[in-house]
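If you follow the hints, you should be able to join the two separate chains into one complex; please do so.
Those sequence lines, one after another, are chains E and V.
Going by the working numbering, the first sequence opens with residue 3, and the numbers climb by one from there.
Going by the working numbering, the second sequence opens with residue 16, and the numbers climb by one from there.
I should point out that these hints are in silico values taken from the structure, not numbers from a laboratory.
Where hints are given, some of them may not hold.
Below are the EDC-like pairs computed for lysine to aspartate or glutamate, each with C-alpha atoms no more than 20 Å apart in a straight line [unchecked claim]:
1) V:K71 x E:E130
2) V:K189 x E:E130
3) V:K189 x E:D58
Partial list, derived from the structure: chain V residues whose beta carbon lies under 7 Å from chain E [unchecked claim]:
4) F72
5) R76
6) R170
7) V173
8) G311
Distance ranges between label pairs, derived from CB positions [unchecked claim]:
9) V:A208 x E:A38: 30 to 36 Å
10) V:G188 x E:D5: 30 to 36 Å
11) E:A137 x V:G188: 28 to 34 Å
12) E:S76 x V:L378: 38 to 44 Å
13) V:A350 x E:E130: 25 to 31 Å
14) E:T44 x V:K71: 32 to 38 Å
15) E:F158 x V:S244: 51 to 57 Å
16) E:H37 x V:T219: 38 to 44 Å
17) V:T194 x E:E130: 21 to 27 Å
18) V:L378 x E:L57: 24 to 30 Å
Ideal Cβ placement from N, Cα and C applies to all residues, glycine included.
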Amino acid sequence: MADSVLVFGWGNPSRGDDALGPALIERIAAELPEHAEWDELTLLTDFQLQPEHALDLEGQDRVLFVDASVSCVSPYAFDRLRPLPGFGYTTHAMQPEALLAVFRQVSGSEPPPAWLLTVRGESFELGEPLSAAAARHLEAATVFVTSLLSGEWQRFD
Amino acid sequence: MASELETAAHPENLKRVVIEPVSRVEGHGKVTLLLDADNRVHQVRLHIVEFRGFEKFIQGRPYWEVPVLVQRLCGICPVSHHLAASKALDIVVGARQLTPTAEKMRRLMHLGQILQSHALHFFHLASPDLLFGFDAEVAQRNVVHVAAVDPEVARKGVLLRKYGQEIIRHTAGKRVHGTGSVPGGVNKNLSRAERAELLGEIDTIVEWSREAVGIVRGLFERHAALYESFGRFESNRLGLVRADGALDLYHGGLRATAADGAVIFDHADYQSYYELIHEEVKPWSYMKFPFLLAQGSEAGWYRVGPLARVAQCDFIPTVLAEAARREFLAFDGGAALSAPLGYHWARLIEMLHAAEGIKELLLDNDLSGGDLIVRGEPQLRGVGVIEAPRGTLIHHYRVNEDDQIVNANLIVSTTHNNQAMNTAVREVARRYLDGRTLTEGLLNHIEVAIRAFDPCLSCATHALGKMPLELELVDADGQVVDRLLRGG
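Same shape as in the complex, but just chain V (with noise of 0.2 Å):
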């Protein structure tokens, strides 16, 4: 499937429609549209520059500053990286087994995490887009709109990640660069009383969970025909599983499936993904492309996040959130499966099961026990993979004796995402791209199908947090005969 995107028979002949951010520094995001002579998109490029320097940044550094210093990476998903990198430095300290308030603080601070991010993504970015459609006016097309027509929509929005930050803050000890998981445990445990002050609203969040998934499964049935078919592809899947098959968020085997479900490889243990996983090295791109070694790289490549976890795995550990997920998959004959816009309501399926997963914890009395940290035989050497909010999250480490961090490796979700990515372009291009114009519309649809992924733009560093995007078509002499620019 890859080969089609990479090989032209007359490369000379190809045009370029190019969607490229101003300046590195205030975007990260690019794609190429290359064309053929008959104005038919041929290969798609999707660049996002990957963070750089990273094990520059931290060689020499003590590996008990790692789960801090990791956070500096990404403003929406610190608490990922922090949790990877300790999960990592677990096994460095010979910690395979934390204690029990160990365990449940950190799945609760993830679990904050998945919440926070989730809701964020459809709340702010996703439902404009599904309320009003693709082809609309951009003015339209944004969070306060979406409040016009149902002023709680934003709203709720707003507060459900507001009490994912506050998770975040009770057990990461501060709303920014928490410091709570550390390697072998935590440093802090619970309070009952901030235990009953988080649980005093989470009826409500699962409540308002509960809604939001109800809003994606009603828009689906009405527009099922564009939802089904909007960028859709097949690919494997790859994702981690708890040993009974549950979906498991913090912890687990490595599962990787193919399209139709068969079982590529099952409950492997992540600390050797580096036997199953290898990375491409692309000409035209900064970042990697994985595969599975045992499909090879041109079959091998696979998508990861909310889409794959709720598509493969056996069952979802909480009651709500397992029946939105038979309602998923029941849909139409398992059309969203497939579809990107799937990410949508598998997302908020997870969400519900955050919002589930912290009030089962919240009830826990483990999380206000003393016994925090363990230490065992260390080791020089640590793997640490979690499912984040966009997908599965690696975080390998090399130490030498003197405790310094003489390696790392990192392989973040989207990266895993990046030749799925790719293909959902391509398919949105080749059905919106009319001749030699560019419009509106077609980089409307371009976003949209972009944004399902939600892919983090290496984005630690944003100056004004802005994110513009210009269009332009260039035809094979090298002029550019149309440009569009948005956001700059």
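Pulled out of the complex, with its shape left as it was, chain E reads as follows (with noise of 0.2 Å):
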């Protein structure tokens, strides 16, 4: 993996389906040991998208954000980001393609090529655990991430 990349799963691990992105963080945490290759990669996680993590996709080739969704396909669906101004009610909310139109002001440059991975979740309450259809879609997006790390990743360009 000639390409430095940062993978940023965010969410909440104490809220159930919502921890699928810091889940799948952890799953490939876990390989590192295993892949030599991936020695330009970054991972990151937080509870919350937000306009300072603009900062993180300094310097990066490729960006993968994760994160759990109710409204995506199962086990999960891959997407290219564009730059997209958000513009909410509250802080409290912030969508990736916002997070690229951050960067854009900030840097003053062209944020780097992004993708946004959503692993499908179910149930989301306080103090549960990963719901079993969310733990089996993090299997399958876990071998998706694997093998676009591996090399895959260019058939989305």
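As structure tokens, this is what we get:
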């Protein structure tokens, strides 16, 4: 993997399937010892996406965002992202397209190519573990991300 | 004042205008406008799904886990919950007076949180409204368009927030789910090298914060008539103040004042907050409605947060922020004090105070001390109160003799502001709803009113970060006659 890559999953580990983003990052981190070629891979997790995360995109050749979703197809969806200014009624939500737009503004340059992997979740109650369905979706999504990092990504350029 | 919202002579004639999210998971806000037969807004119901299940989540857990666990409640203000829980559990471990190092480390962490949260709100949410007006196209009212007009504004916002996050990382131990504050104190100090690193940027942070206050003050001066009247209402106020009456966001006694500034109670010990504040349940809302017991449920509702704090403190104990407060109070004879948009101005005065306070603390050698934790006579209950970015935050715990949590009660800032937000939205809707047609303009104006308070939307569950709003007009027969969707 010659490119520098950021894989950024977010969500609340204590809110059932909202943990899918961080859980996938954990899975990929566990595979690191078996993939010496992933030496340019950066893994990042957080509770939520926020504007300052634009600074984490600096210097990356590719970015993969990972989040839970209740509306994506099962088990996961993979989409190319374009910068799109976002604007809501609360600071409590931000979309990755909006983060790319913030990057463009803060850095004065185009953001790195970015994709969004949404993993389907079913239940989001406080204190719950991953649902059985979400755990299956996580397995499938992890296999997919492993293939991306091992060279399949170029197919989606 | 509240009763007007709750009664109607002929409720069967009311029509419903609903703004609601597509699903509970992907958005938690919902606004219902109830119209009378003459299409006038009679009642407003702002629904926000309050976090649920927290008591069950922590029941039976050892109390020392709680300051870390509560950060799972909110992705935006985890530090506020971390510190409020720690303060409550200080009482449980008998630590009524922390060591200087512990208290100053916590204060620094808190000011870092205030700085980053207020910066986020102003630069990312509020400034597009204020710079471009409420009727502007959505595509124009965003932070990127702000940047196109003034490329430095949004960049400074991001960097201010990043600096606040760095303060949190150094004091809490890490950027997310910090563990720095523990019952009875803290588990780390700040090395001289860390202080020097953070001090290297602080003068710039103070200057940018001062500039931000100037931006809002200038906007108020140019648009005084609109800003002062938009969603305007009078209410009581609640917040912590220091023993000498100064603004203190970390600790103090409870002060409540009426709209005219008359003191309702002052320097009250928050360990007995439940003797001063009660919570009313209403059938249409998950969120409770707190009120000052002395005033009763009808007249006792109040507002919290930056506008309440800046308005009712006697002074701000940092030079630049105090000067800014005096300008704020004097503006048009105090006209900004009851205006929801005054929250934006007050928020930035607090951001300036936070920047100044961070500098003072970083210069204090106590931060590098080694005496971190104290213990005293254990107690079976404790209350912690802190002024979080959005307002007063109360954590109340009971423990058993095996050190397990048996009961918890939290009153968060958004709950305190429940009635105040309903009232602001009602005032806006009365002015801007025109007949039976829903317009982008109306939705814009309602969003502007909600944004002034920046309610916490039980945000720890967010799935894809979407907070769509649906605006639906339903006539008296239950037929949908108009519909708008944004952000879905």
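We went through each hint and held it up to the structure:
For the hint pairing K71 of chain V with E130 of chain E, the CA-to-CA distance comes to about 11 Å; that is within 20 Å, so the pair holds. For a cut-off of 20 Å, the pair hint linking K189 of chain V to E130 of chain E is broken: about 25 Å separates their Cα positions. Under the criterion of a C-alpha separation no larger than 20 Å, the hint pairing K189 of chain V with D58 of chain E is consistent with the structure, at around 16 Å. Here the hint on F72 of chain V is kept, as its CB sits about 4 Å from the closest CB of chain E, short of 7 Å.
At a threshold of 7 Å, the smallest CB-CB gap from R76 of chain V to chain E is about 10 Å, leaving the interface hint violated. At its closest, the beta carbon of R170 of chain V sits 5 Å from a beta carbon of chain E; the interface hint therefore holds under the 7 Å criterion. Below 7 Å, beta-carbon pairs count as interface contacts, and V173 of chain V has one with chain E at about 5 Å; its hint therefore holds. Restraint check, G311 of chain V versus chain E: the minimum CB separation of about 31 Å is more than 7 Å; hint violated.
Against the hinted window of 30 to 36 Å, the Cβ-Cβ separation of A208 of chain V and A38 of chain E comes to about 34 Å, which satisfies the hint. At roughly 32 Å, the beta-carbon separation of G188 of chain V and D5 of chain E lies within the given 30 to 36 Å, and the hint holds. Range check, A137 of chain E to G188 of chain V: Cβ separation about 30 Å, and the 28 to 34 Å hint holds. The given range of 38 to 44 Å is broken by S76 of chain E and L378 of chain V, whose C-beta atoms sit roughly 56 Å from each other.
A hinted range of 25 to 31 Å is violated for the C-beta pair A350 of chain V and E130 of chain E, which are about 49 Å apart. At roughly 37 Å, the beta carbons of T44 of chain E and K71 of chain V sit within the given window of 32 to 38 Å. One distance hint, 51 to 57 Å for the beta-carbon pair F158 of chain E and S244 of chain V, holds here, with the actual separation near 52 Å. For H37 of chain E and T219 of chain V, the hinted distance range of 38 to 44 Å is satisfied, since their beta carbons lie about 41 Å from each other.
Between T194 of chain V and E130 of chain E the beta carbon distance is about 23 Å. The supplied range of 21 to 27 Å therefore holds. Between L378 of chain V and L57 of chain E, the C-beta spacing of about 27 Å keeps the proposed range 24 to 30 Å intact.
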